[in-house]
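Q: What follows is the residue order along each chain.
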Amino acid sequence: MSHRRAVIYHYDGSFEGFLCCIYESYTRRELPLDLLPPELAQPSLYPVRQVDTDTAHAARVFDSLAKKLGPQGEDFVATGFLCGREDKALLLYRFVELGYEIGPRVTSMRGHPAVEPVWQMNRAVRSEAHLMTGFLRFSQYGQALVAIMEPKHFILPLIAPHFCGRFPEEQFLILDRSHCAALIYRPYESRLIPMDNLELPGASQQERLFRSLWQGYYQAISIQSRENPRCRMTHMPKRFWPCMTEFQEKEDAGKLQLPEEDSTSPFSKEVLP
Amino acid sequence: MDLYDKLTILADAAKYDVACTSSGSDRAGTAGSIGSTAPAGICHSFSADGRCISLLKVLMTNVCVYDCKYCVNRRSNDTRRAAFTPRELAELTIGFYRRNYIEGLFLSSGIMKNPDYTCEQMLRTLELLRNEYRFRGYIHVKAIPGADDRLIERLGLLADRMSVNIELPSRQSLTALAPDKSKTDILRPMGQICQEIHRSREELVRYRHAPTFAPAGQSTQMIVGASGESDFQILNLTQGLYRKYELKRVFFSAYTPVVSDKLLPALNTKPPLLREHRLYQADWLLRFYGFEAGELLDEAHPNFDPLLDPKANWALHHQDQFPVEINKAPYEMLLRVPGIGVRSARAIRSARRVSTLDFGDLRRMGVVLKRAQYFITCRGRLAEGLRITPEGTFRAMVSGRLIRELEPDYGQQLSLFSSMDAAPTREEVLQCLTGEL
Numbered sequence: 000m001s002h003r004r005a006v007i008y009h010y011d012g013s014f015e016g017f018l019c020c021i022y023e024s025y026t027r028r029e030l031p032l033d034l035l036p037p038e039l040a041q042p043s044l045y046p047v048r049q050v051d052t053d054t055a056h057a058a059r060v061f062d063s064l065a066k067k068l069g070p071q072g073e074d075f076v077a078t079g080f081l082c083g084r085e086d087k088a089l090l091l092y093r094f095v096e097l098g099y100e101i102g103p104r105v106t107s108m109r110g111h112p113a114v115e116p117v118w119q120m121n122r123a124v125r126s127e128a129h130l131m132t133g134f135l136r137f138s139q140y141g142q143a144l145v146a147i148m149e150p151k152h153f154i155l156p157l158i159a160p161h162f163c164g165r166f167p168e169e170q171f172l173i174l175d176r177s178h179c180a181a182l183i184y185r186p187y188e189s190r191l192i193p194m195d196n197l198e199l200p201g202a203s204q205q206e207r208l209f210r211s212l213w214q215g216y217y218q219a220i221s222i223q224s225r226e227n228p229r230c231r232m233t234h235m236p237k238r239f240w241p242c243m244t245e246f247q248e249k250e251d252a253g254k255l256q257l258p259e260e261d262s263t264s265p266f267s268k269e270v271l272p
Numbered sequence: 000m001d002l003y004d005k006l007t008i009l010a011d012a013a014k015y016d017v018a019c020t021s022s023g024s025d026r027a028g029t030a031g032s033i034g035s036t037a038p039a040g041i042c043h044s045f046s047a048d049g050r051c052i053s054l055l056k057v058l059m060t061n062v063c064v065y066d067c068k069y070c071v072n073r074r075s076n077d078t079r080r081a082a083f084t085p086r087e088l089a090e091l092t093i094g095f096y097r098r099n100y101i102e103g104l105f106l107s108s109g110i111m112k113n114p115d116y117t118c119e120q121m122l123r124t125l126e127l128l129r130n131e132y133r134f135r136g137y138i139h140v141k142a143i144p145g146a147d148d149r150l151i152e153r154l155g156l157l158a159d160r161m162s163v164n165i166e167l168p169s170r171q172s173l174t175a176l177a178p179d180k181s182k183t184d185i186l187r188p189m190g191q192i193c194q195e196i197h198r199s200r201e202e203l204v205r206y207r208h209a210p211t212f213a214p215a216g217q218s219t220q221m222i223v224g225a226s227g228e229s230d231f232q233i234l235n236l237t238q239g240l241y242r243k244y245e246l247k248r249v250f251f252s253a254y255t256p257v258v259s260d261k262l263l264p265a266l267n268t269k270p271p272l273l274r275e276h277r278l279y280q281a282d283w284l285l286r287f288y289g290f291e292a293g294e295l296l297d298e299a300h301p302n303f304d305p306l307l308d309p310k311a312n313w314a315l316h317h318q319d320q321f322p323v324e325i326n327k328a329p330y331e332m333l334l335r336v337p338g339i340g341v342r343s344a345r346a347i348r349s350a351r352r353v354s355t356l357d358f359g360d361l362r363r364m365g366v367v368l369k370r371a372q373y374f375i376t377c378r379g380r381l382a383e384g385l386r387i388t389p390e391g392t393f394r395a396m397v398s399g400r401l402i403r404e405l406e407p408d409y410g411q412q413l414s415l416f417s418s419m420d421a422a423p424t425r426e427e428v429l430q431c432l433t434g435e436l
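Protein sequence lines correspond, in order, to chains G and Y.
If you read the first sequence in numbering that gives the first Met the number 0, its first letter stands for residue 0, the second for the next number, and so on.
If you read the second sequence in numbering that gives the first Met the number 0, its first letter stands for residue 0, the second for the next number, and so on.
None of these hints come from the bench; they were simulated from the model.
Cross-link-like lysine to aspartate or glutamate pairs, in silico, DMTMM-like; alpha carbons within 25 Å at most: (1) Lys243/Y / Asp147/Y; (2) Lys112/Y / Asp4/Y; (3) Lys112/Y / Glu152/Y; (4) Lys237/G / Asp48/Y; (5) Lys269/Y / Glu226/G; (6) Lys247/Y / Asp230/Y; (7) Lys151/G / Asp86/G; (8) Lys249/G / Asp1/Y; (9) Lys182/Y / Asp16/Y; (10) Lys249/G / Asp48/Y; (11) Lys249/G / Glu87/Y; (12) Lys249/G / Glu90/Y; (13) Lys182/Y / Asp148/Y; (14) Lys180/Y / Asp230/Y; (15) Lys112/Y / Asp16/Y; (16) Lys151/G / Glu245/G; (17) Lys249/G / Asp4/Y; (18) Lys369/Y / Glu115/G; (19) Lys67/G / Glu100/G; (20) Lys243/Y / Glu294/Y; (21) Lys112/Y / Asp148/Y.
All chains, please: the whole structure from these sequences, using the hints.
A: Written out as structure tokens, the structure reads:
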């Protein structure tokens with residue numbers, strides 16, 4: 000396609016912005032050499048075009064994805080865009096380009112240089128989302144549960160249905176510190192909002208008790224004579240550890256007791272029957 | 000005794016139970032309750048021994064009237080004892096579950112007073128969780144051998160999975176090591192659970208809201224290496240259990256010496272982890288690969304080769320059935336090729352409908368050819384440049400790490416320069432220089 004003019008696109012980093020890049024490249028017959036969000040934009044020898052986000056254009060391109068690439072292809076693009084790779088927009092652009100040409104068959108063309116990276120991006124995003132459904136840790140502050148995570152990919156939209164479905168009666172907040180976004184849920188409604196950081200008060204006594212119980216349990220359940228640190232790291236990579244209760248500073252269990260005046264205290268003093 | 004001590008004692012006493020899966024149950028959350036289950040299960044953490052932590056695995060109590068010799072909770076063992084009250088345990092489960100520490104509860108118990116009393120305590124806990132706390136997460140509960148049928152039935156209606164541990168794979172070792180238990184004691188609840196599951200499935204067909212009995216099925220566990228059974232006996236028993244009682248899983252637990260007894264391996268014996276691993280490999284072959292126990296082992300070869308995995312071992316002993324043609328071989332035969340698993344076999348089956356496959360296609364599809372290439376042809380040809388010798392095939396089947404660990408001398412015959420390893424002496428160098436050689 001040598002008749003297309005080579006340019007570099009600067010877009011606003013959003014999914015709609017990316018879709019608008021596709022729109023611009025087809026209406027202007029341009030060949031994007033790179034698609035850069037604001038944080039990666041830099042002066043270049045190639046001509047640069049600033050692509051403004053237009054929701055109407057984005058919607059039109061999004062509709063075309065389902066039509067031309069099939070539902071699976073559309074899902075590939077939407078999920079792939081959550082990936083944390085810096086060159087994701089360019090890789091996805093090439094995938095869409097090929098998809099427009101050959102249709103829904105594109106998703107099953109494993110091994111094709113334009114398809115394989117997108118396939119892998121999808122797998123990386125989904126597997127991190129699955130791991131996070133297990134490794135996320137909540138702490139109770141007042142009536143609400145708060146969890147903080149630092150994932151590689153923007154998995155919040157993928158794990159939101161899982162947690163909203165699992166804790167329908169709770170109020171909770173999941174903060175994604177690496178993408179500065181948070182999911183807020185209160186019974187039967189949830190919202191994704193931008194959020195940089197969160198000032199948390201000190202943990203209550205009950206919260207510290209549960210943390211220490213979990214840390215104690217984590218220690219006790221391991222069999223010393225089978226110790227296998229490599230196996231543990233394979234299944235639970237170290238990048239997840241900083242946000243997990245079992246690896247945080249030990250709470251002193253000796254001093255922790257539930258407050259006496261709490262008459263509804265769940266833990267009766269009965270010992271052996 | 001405070002809750003922290005109770006929890007650590009009762010978790011420590013439960014850790015030799017292997018099963019920690021939270022799979023097999025698919026239940027979405029609903030308003031007014033807490034919890035859901037995922038069909039594939041979710042691992043919430045991994046302990047220092049690399050095992051998954053999915054459920055809060057504890058005993059109701061480690062007080063036990065039995066005196067099974069292999070067990071850390073036996074009556075005659077001098078250890079700290081504790082017991083949860085049902086309310087305590089339910090609160091603890093919910094507290095952990097809300098913080099997303101766990102996927103649910105795994106409840107087992109020592110026998111306190113008598114089997115019925117123990118079972119009632121467990122039942123009370125499950126009732127609290129399900130009815131009062133509206134808990135819809137995963138629950139795995141042990142059926143207590145010797146408890147009343149009606150108690151077992153009520154447990155099963157509240158739990159996702161039930162299990163009865165066989166522990167010792169033969170009647171002889173059961174009499175020797177667990178004098179208070181008998182084979183029928185163990186198999187009776189297993190049979191009952193199997194029947195209840197069947198009945199519940201039939202009822203579900205008729206009435207949509209009929210209560211489900213252990214929707215994630217039942218499992219069991221056997222200790223490997225505490226008594227003298229061969230792999231062949233264990234595998235045959237496993238196959239029998241899958242067929243007769245329709246178990247979802249049989250778990251194997253490498254025996255970790257916890258108490259000293261003249262009938263048991265010494266306290267400093269290492270757990271037979273490799274043997275456990277081979278048994279799991281064989282277990283997978285039984286469940287997903289269409290193998291039978293009798294094909295993998297027989298009376299003459301009652302134990303697995305530590306160097307070879309069971310499938311490679313089978314293939315090496317049945318060279319007459321290979322190589323198979325990738326484009327024509329039936330799916331069942333593809334599954335028997337070392338290095339080709341269920342995922343690869345399915346990919347091949349669907350891809351060869353569209354076009355004939357060669358080795359390049361297989362590689363791009365992600366089929367690992369390191370071991371498979373010795374057993375397959377594509378369009379009638381072997382992989383390019385591959386010479387098949389019995390020695391070379393065997394070498395490709397074993398992992399280098401294992402050889403180095405198990406047979407340090409084995410690799411040496413490979414070395415071309417083994418005779419030249421020793422550094423030349425001063426005399427030899429001088430001889431070379433002066434041309435005396």
